[in-house]
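S.K.: Take the sequence shown: its position 157, counting from 1, is numbered 157 in this note's numbering, and each next residue is one higher.
Source of the hints: derived by calculation from the structure; they are not laboratory data. Take these hints with a grain of salt, some might be off.
Below, simulated BS3-like cross-link-like pairs (lysine-lysine); rule was C-alpha separation at most 30 Å, straight line [claimed, not checked]:
1) LYS218 / LYS49
2) LYS159 / LYS218
3) LYS271 / LYS208
4) LYS29 / LYS49
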Amino acid sequence: MANSLSFIYLPLLVAFLFDSASSINCDKKRDNVQYTIKQHLFCNGYDPKIRPAKSEFDSINITTYAVLYSFDISEYRSVMSFQVNYYMRWQDSSLAWNASDWSNITTLNINNDEIWSPQFENINSDYEGQPSVSCLSPDCLLHEDGGISCSPVCRISAKCSSDYSRWPFNTLVCRMWFTNRDKELVDEVNFLPVITYLPSNRHLPTTKWCVTSISSNKTQLSIPGATSRTVEELEFNLEHSPHLTIAIIYLPAFALSMLNIFVCLLDSRVKEKIVIPLICMIFHFQLLQQMSNPTPEIPGVVLFIIASMILTFLLFVSTLINRWLHGLQSTPPNIVIRSMRAILSNRLMNWILKVDYLSVGQKACTIINNDERLTLDWVMFVKLVDRFILAAYVIIYLLLFWIYIPLQHTHNRYAESGGRVCAN
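Could you put the whole structure together from the sequences, leaning on the hints where they help?
M.R.: See the structure below:
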């Protein structure tokens with residue numbers, strides 16, 4: 001596709017640079033062969049106001065390419081302002097010539113007001129039409145077979161619908177419509193389906209938004225207060241690049257989660273198991289304060305941090321209860337003793353309970369002699385509860401991470417060309 005567009009635009013560029021179009025004076029003769037060809041074509045009854053067709057019932061087909069090169073995003077207003085370059089080609093047999101009779105000249109650069117050109121209209125999301133005359137229309141290229149190539153450049157603003165459910169991997173979908181402006185020649189001037197193309201530009205680390213795909217399809221546009229009309233809908237899919245957000249939100253949230261897992265490895269009697277959860281809750285709250293929720297829909301990352309804060313609070317409460325149970329001198333109830341005996345009958349659980357707590361500032365863990373019998377008292381019950389809390393927190397955090405933490409944008413089914421245009 002890139003090669004085909006290069007083939008399309010290169011002749012236009014060469015003609016623009018080396019063969020600037022000049023107005024035709026039918027009464028003035030020149031030695032310039034190209035000027036003579038123009039007089040031969042345009043001074044023999046050609047009327048640029050008349051549609052080039054053999055009869056009034058014949059239709060003329062317009063091939064249209066739409067290429068996006070630059071854009072700006074206003075996130076507050078959800079508005080995309082962009083520049084789209086159209087490449088249009090149609091056939092006018094009355095403007096053909098035999099190149100061998102004219103010094104083998106195969107192309108001519110002509111002013112767009114010297115020929116008939118199709119009138120189109122860009123409609124934004126506010127249903128405001130922007131006619132083709134408002135676009136920048138550089139010189140057109142006329143081929144020896146009567147083919148005409150023009151490339152108008154239009155500046156358009158369109159409103160977008162946003163999706164923050166996978167924040168910070170936000171997405172925008174912006175729509176505008178392309179249609180024939182000449183309502184009297186709807187059937188006579190046939191715009192073929194618009195062919196979209198998205199080039200690739202350099203993706204800088206500071207980039208905020210990237211257009212990842214452009215799609216087009218025929219649809220019926222119902223404008224309030226007017227009859228519906230057949231238009232070509234152009235849909236732009238944009239993705240947010242959350243480089244900074246990942247650094248200031250994801251990394252602290254991951255660190256707080258790992259800190260909670262670390263606290264689960266500590267003995268309930270140490271003061272660090274009380275102090276660290278309190279500090280973690282403060283940092284969780286500050287992390288939530290840094291996040292602004294732009295829509296009523298709560299992003300998954302926010303739910304992850306809220307769930308982690310609740311888990312931190314429950315860890316603090318369970319530590320207080322375990323400290324109280326650890327100080328009891330009475331014998332546990334029979335149901336508690338029988339439950340512990342059933343659990344300890346499992347060899348793996350027996351080995352896990354013999355592994356000592358993680359001690360701050362000391363050797364990570366020690367293993368009790370296998371021949372030593374485990375005492376079924378409140379101390380052992382607290383240790384058993386701590387082990388279950390550790391396993392539960394590891395599983396819960398893995399599930400929360402899998403459910404609520406997006407790591408990339410969802411696959412865009414329209415992104416087939418691989419092009420990407422980005423803006424800060």
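S.K.: All hints, please: hold or fail.
M.R.: Evaluated hints:
no.	hint	verdict
1	LYS218 / LYS49	holds, 28 Å
2	LYS159 / LYS218	holds, 20 Å
3	LYS271 / LYS208	violated, 45 Å
4	LYS29 / LYS49	holds, 25 Å
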